[in-house]
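Enquirer: One-letter residues, chain by chain:
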Amino acid sequence: MTELNKLTAHELLERLKDKEITSGDIYSALQKRIKEVDSKVKAYVRLDTLNKLANQRTNEPENELKGLPITIKDNICTQGINTECCSKILQGFCPPYDATVINKLKNAGAEIFPLKANMDEFAFGSSTENSHFGPTHNPWDKACVPGGSSGGSAASVAADEAIWALGSDTGGSIRQPASFCGVVGLKPTYGRVSRYGLIAFASSLDQIGPLAKDVRDCSLLSQVIFGYDPNDSTSVNQDVPDFSKSLTKDIRGLKIGIPGEYFVDGMDAEVKTIIEEAINKLNSLGAVSAKVSLPHTEYAVPVYYIIATAEASSNLARFDGVQYGWRAKSDNLIEMYKKTRGEGFGDEAKRRIILGTFALSHGYYDAYYLRALKVRTLIKQDFDAAFKDFDCIVTPTSPTPAFKIGEKTQDPLKMYLSDIYTISVNLAGIPAISIPCGFTKKGLPVGLQIMAKPFDEAMLFRVAHTFEQNTDWHKSKPKL
Amino acid sequence: MKYQTVIGLEVHLQLKTKTKAFCSCAIDFGREPNSRVCPVCLGFPGSLPVYNKEALNYAIKAALALGAQVQEHTKFDRKNYFYPDLPKNYQISQYDLPLSRNGFLDITADGKSKRIGITRVHLEEDAGKLIHEADASLVDFNRAGIPLLEIVSEPDLNSAQEAFDYLTGLKNIIEYLDISDCDMEKGSLRCDANISLRPQGSKELGVKTELKNMNSFKGVKDALNFEAERQAELLESGQPMEQETRLWEAQKNMTVSMRTKEGAKDYRYFPDPDLTVFIIGREMISGIKDSLPELPVQKLRRFMKEYSLSEYDAGILVSSKKDAEFAEECLKKYPEKDKKNMANWLIGPLLSEANARNLNLHQLGVNPDELTSLIGFVQRQELSHLSAKSVLTRMLDSGKSAREIIKENNLLQISDTAELERIIAAVIRENEKSANDLKNGKTNALMFLVGQVMKKSSGKANPKIVQELIKRRIDNA
Chain D
1 MTELNKLTAH ELLERLKDKE ITSGDIYSAL QKRIKEVDSK VKAYVRLDTL NKLANQRTNE
61 PENELKGLPI TIKDNICTQG INTECCSKIL QGFCPPYDAT VINKLKNAGA EIFPLKANMD
121 EFAFGSSTEN SHFGPTHNPW DKACVPGGSS GGSAASVAAD EAIWALGSDT GGSIRQPASF
181 CGVVGLKPTY GRVSRYGLIA FASSLDQIGP LAKDVRDCSL LSQVIFGYDP NDSTSVNQDV
241 PDFSKSLTKD IRGLKIGIPG EYFVDGMDAE VKTIIEEAIN KLNSLGAVSA KVSLPHTEYA
301 VPVYYIIATA EASSNLARFD GVQYGWRAKS DNLIEMYKKT RGEGFGDEAK RRIILGTFAL
361 SHGYYDAYYL RALKVRTLIK QDFDAAFKDF DCIVTPTSPT PAFKIGEKTQ DPLKMYLSDI
421 YTISVNLAGI PAISIPCGFT KKGLPVGLQI MAKPFDEAML FRVAHTFEQN TDWHKSKPKL
Chain Z
1 MKYQTVIGLE VHLQLKTKTK AFCSCAIDFG REPNSRVCPV CLGFPGSLPV YNKEALNYAI
61 KAALALGAQV QEHTKFDRKN YFYPDLPKNY QISQYDLPLS RNGFLDITAD GKSKRIGITR
121 VHLEEDAGKL IHEADASLVD FNRAGIPLLE IVSEPDLNSA QEAFDYLTGL KNIIEYLDIS
181 DCDMEKGSLR CDANISLRPQ GSKELGVKTE LKNMNSFKGV KDALNFEAER QAELLESGQP
241 MEQETRLWEA QKNMTVSMRT KEGAKDYRYF PDPDLTVFII GREMISGIKD SLPELPVQKL
301 RRFMKEYSLS EYDAGILVSS KKDAEFAEEC LKKYPEKDKK NMANWLIGPL LSEANARNLN
361 LHQLGVNPDE LTSLIGFVQR QELSHLSAKS VLTRMLDSGK SAREIIKENN LLQISDTAEL
421 ERIIAAVIRE NEKSANDLKN GKTNALMFLV GQVMKKSSGK ANPKIVQELI KRRIDNA
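Keeping their order, the protein sequence lines are chains D and Z.
Under the numbering used here, the letters of the first sequence match residues 1 to 480, in that order.
Under the numbering used here, the letters of the second sequence match residues 1 to 477, in that order.
Treat the hints as calculated values from the structure; they're not laboratory data.
Predicted model, so just to flag it, every value in this text is computed and none were measured.
Keep in mind that a hint or two might mislead.
[To be verified] Label-pair restraints from in silico Cβ distances:
hint : chain 1 : residue 1 : chain 2 : residue 2 : range
1    : Z       : D96       : D       : K350      : 27 to 37 Å
2    : Z       : M284      : D       : A385      : 47 to 57 Å
3    : Z       : T260      : D       : D366      : 42 to 52 Å
4    : D       : N107      : Z       : S257      : 50 to 60 Å
5    : D       : D366      : Z       : R115      : 31 to 41 Å
[Stated by the list, open to error] Straight-line C-alpha distance at most 30 Å; calculated BS3-like pairs for lysine-lysine:
hint : chain 1 : residue 1 : chain 2 : residue 2
6    : D       : K374      : Z       : K75
7    : D       : K88       : Z       : K129
8    : D       : K408      : D       : K338
9    : D       : K408      : D       : K272
10   : Z       : K53       : D       : K104
11   : D       : K350      : Z       : K53
12   : Z       : K265      : D       : K374
13   : D       : K338      : Z       : K212
14   : D       : K338      : Z       : K129
15   : Z       : K129      : D       : K339
16   : D       : K380      : Z       : K129
17   : Z       : K389      : D       : K338
18   : Z       : K129      : D       : K329
19   : Z       : K265      : D       : K339
20   : Z       : K18       : D       : K104
21   : D       : K329      : Z       : K265
For every residue, glycine included, the Cβ atom is placed at its ideal position computed from N, Cα and C.
Work the whole structure out from these sequences, hints included.
Expert: Laid out in structure tokens, this is it:
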């Protein structure tokens with residue numbers, strides 16, 4: 001029998017429907033795989049929970065997902081399963097409630113996998129090196145990072161330690177690791193997926209999204225988790241189309257914009273070639289690509305790091321040792337605050353809290369935060385204008401393939417720049433997908449990013465699926 | 001030097017909505033600590049606020065009743081500070097786009113109407129409550145997330161009495177709207193005051209003190225009086241004033257320094273990204289406007305017009321919503337066209353009874369029909385005013401009807417002239433000197449004789465008729 005853990009969700013669903021296999025078989029295959037390879041990949045955290053919770057599985061739900069397991073990033077609340085954002089400060093936090101996406105998955109018959117996926121602490125990072133539990137390794141080259149912050153989710157899917165997974169994307173945290181690990185990752189339109197139960201990093205940018213082995217799985221998972229939620233004021237009441245109809249393998253006549261601002265110095269030459277070949281491929285499939293300008297692109301990184309850190313500094317204020325998580329031993333209240341937060345947060349979290357606190361401070365607010373909000377509007381307007389002429393925009397997901405573990409940890413600015421192609425999408429609130437589009441000579445995957453106008457994820461699936469079905473990149477597996 | 005006192009008040013009202021401001025927890029006082037909580041009001045990781053439309057509705061009501069302009073665009077902001085009773089370590093409040101601005105409240109000062117400006121009325125969430133024990137401090141989050149209305153006045157108040165009148169007027173309006181219990185002792189109304197002094201005629205504001213920890217309107221007044229005096233003494237002695245926050249200690253009847261200005265606090269306000277900017281439509285505002293109940297000022301004007309009451313009398317009756325409703329019921333049921341009599345009874349004997357019993361008018365439990373019946377006896381001269389008051393007391397004590405009490409105690413006034421003549425004859429016989437005095441024009445003697453008749457009749461004689469009969473008898477003698 002093929003190893004079930006290597007199959008896609010839609011392949012497994014076929015077999016489950018035909019009663020060829022049970023979801024228990026899949027679960028066992030995953031368990032076995034994790035025991036074999038996770039010591040090398042470290043996609044999961046708190047491994048002891050696997051056996052502890054394995055017996056609590058529900059039986060073969062009758063609903064559409066038929067008990068298919070799904071891996072969840074450690075910042076999405078799962079009732080009864082610890083959710084710690086890979087931070088010491090949330091040590092032992094076991095949510096008394098499920099995030100809305102978890103509810104939706106359970107209602108659809110999915111099995112929430114009891115192991116949570118590794119991530120940069122509070123999603124602060126692009127390499128999963130900022131995890132309190134230590135870094136995840138890239139399945140394609142264990143000396144390399146898997147990207148981040150959803151590095152655990154991406155690596156688990158790439159290493160066949162998961163069928164599919166949920167991540168979260170604030171500035172590229174789904175797409176960049178998807179690109180580094182050679183899987184498909186989608187950042188939905190802001191407001192498309194409920195954030196209720198997602199432990200907030202930057203509330204105006206965060207979105208939960210799927211990571212999967214192919215575009216069909218990605219669309220299938222989107223179908224389940226998308227939709228309005230009255231518990232999230234920022235979720236949008238907009239109809240979700242039937243995405244299976246988007247998988248047409250036909251992109252003839254589609255207009256694809258190629259932003260000049262994304263092909264500049266600092267971009268890896270190999271990545272550039274691979275992306276250009278991918279664009280040629282799209283043209284050969286009938287799409288028509290042309291240059292488009294997104295003139296405010298250069299401001300995206302500074303604007304992002306002001307808005308995201310400002311929101312984060314306030315969102316993370318609640319971690320103070322009073323109600324849950326880590327509390328340092330101390331004699332009085334102020335000492336408790338200082339020690340708890342001093343010991344509980346890692347360096348990057350502290351750096352961002354300080355940055356954000358500064359940006360919101362009296363006397364700096366107008367110059368930084370308010371100005372950043374204004375430029376954010378300009379960036380959004382760039383996209384509005386571009387989508388008047390184009391159906392989608394295609395760019396690299398990241399300027400480089402996966403970099404070495406430790407390569408950028410000493411230089412936060414360099415690390416921040418690895419999100420240069422993904423950040424604008426979050427600032428503009430538009431959807432974007434990353435799909436495998438080639439490998440470097442050293443065998444590292446490269447991702448192609450496709451962006452569309454708000455709520456047009458169907459366009460992303462259509463283009464991505466057509467490309468994928470006419471290439472073989474998604475079929476390659478890392479050797480572990 | 002003469003100083004002018006300048007006071008501004010910041011009032012917080014707990015709104016009595018069914019559920020909290022940003023979650024669906026019930027607002028339910030006096031329950032087991034932390035039993036009315038959920039992930040949202042506990043600020044649990046991942047939880048998100050959703051604003052309560054009822055709270056918004058209440059807030060708009062208050063704003064409109066205070067003559068404020070409701071802003072079409074409004075938003076919630078985060079006020080960031082660390083405190084263990086604040087679950088998220090930020091409070092959802094409103095900063096630069098408050099729900100409404102530019103309201104007012106009229107008070108009476110020196111017999112004249114004075115308009116006190118209201119800077120802003122906005123909505124925010126309440127914090128939890130700390131309970132300090134010997135070896136630990138505990139937090140009860142039942143209160144966390146209850147909608148609070150913040151009402152900030154302009155520094156238009158110039159005395160502690162004006163501040164007191166402003167609070168009384170505000171409470172009255174809110175009571176009419178029925179949106180808060182306004183109970184300062186229970187914390188559903190809280191008031192902080194800013195006070196400074198400046199030389200009479202000066203335009204510049206002096207150094208202010210912020211006063212906290214008052215838990216009654218009287219406490220606010222006392223604290224402000226104390227503070228005005230303290231500041232005047234400081235200024236007189238030429239000592240420099242420092243901006244500070246002081247706490248009122250009711251037992252000691254004084255304010256004590258809590259903290260001096262430690263550099264302006266930086267709350268790092270910014271728009272709450274979890275709650276989108278929202279637009280309050282003109283239609284919604286006019287809908288709420290149309291549904292506003294009759295407010296104290298309107299009721300006062302109407303009472304004056306419909307019941308021919310003086311402003312003073314009407315003012316007493318409308319100073320509490322339930323009292324006004326009770327009074328109106330009595331006035332309506334009173335059959336005479338001239339309502340003055342009933343009004344006099346309400347603000348006279350009834351109000352004294354209420355004060356004596358520490359109750360409000362409407363709490364006396366008087367049936368308006370019974371009151372009408374009692375007044376009827378007096379009108380028909382079957383009962384003296386004096387007896388009627390004692391009947392009222394007995395009605396309140398026993399719950400019996402006026403008729404029953406009058407009958408049981410044989411209190412009906414004697415208006416039967418034959419019987420009165422008999423008593424008068426006896427009195428004149430016994431007081432010949434006074435009768436002669438009266439005859440010789442000493443009018444004082446008349447009252448003496450009437451008094452004697454009253455005495456002999458055990459107070460039941462109708463004094464007016466007695467007077468007439470005595471005069472006639474003496475004149476004809």
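Enquirer: Is 42 to 52 Å respected by the C-beta to C-beta distance linking T260 of chain Z and D366 of chain D?
Expert: Taking Cβ atoms as reference, T260 of chain Z and D366 of chain D lie about 28 Å apart, which means the hint is violated.
Enquirer: Hinted pair, alpha-carbon criterion (30 Å max): K374 of chain D, K75 of chain Z. Please report holds or violated.
Expert: Answer holds: K374 of chain D to K75 of chain Z is near 17 Å, not above 30 Å.
Enquirer: Looking only at beta-carbon atoms, does the pair M284 of chain Z, A385 of chain D fall within the given range of 47 to 57 Å?
Expert: 35 Å Cβ-Cβ, so the 47 to 57 Å window is violated.
Enquirer: Take the C-alpha atoms of K88 of chain D and K129 of chain Z, compute the straight-line distance between them, and say whether it is at most 30 Å.
Expert: holds, 28 Å
Enquirer: Given the hinted pair K380 of chain D and K129 of chain Z, is their Cα-Cα distance within 30 Å?
Expert: violated, 43 Å
Enquirer: Between K329 of chain D and K265 of chain Z, does the CA-CA distance stay at or below 30 Å?
Expert: Between K329 of chain D and K265 of chain Z the Cα gap is close to 28 Å, so the pair holds against 30 Å.
Enquirer: Taking only the CA atoms, is the gap from K265 of chain Z to K374 of chain D under or equal to 30 Å?
Expert: holds, 26 Å
Enquirer: Hey, K350 of chain D versus K53 of chain Z, does the alpha-carbon distance stay inside 30 Å?
Expert: violated, 37 Å
Enquirer: Is the gap between the beta carbons of D366 of chain D and R115 of chain Z within 31 to 41 Å?
Expert: Given a distance of about 35 Å, which is inside 31 to 41 Å, the answer is holds.
Enquirer: Has the given pair, K338 of chain D with K129 of chain Z, been kept, meaning a C-alpha gap of at most 30 Å?
Expert: holds, 22 Å
Enquirer: When you check the alpha-carbon spacing of K53 of chain Z and K104 of chain D, does it fall within 30 Å?
Expert: holds, 26 Å
Enquirer: Is the hinted pair K408 of chain D and K338 of chain D satisfied, with a Cα-Cα distance of at most 30 Å?
Expert: Measuring from Cα to Cα gives roughly 28 Å; hence the hint holds.
Going through the hint list in order, the structure does not satisfy hints 2, 3, 11, 16 and 17.
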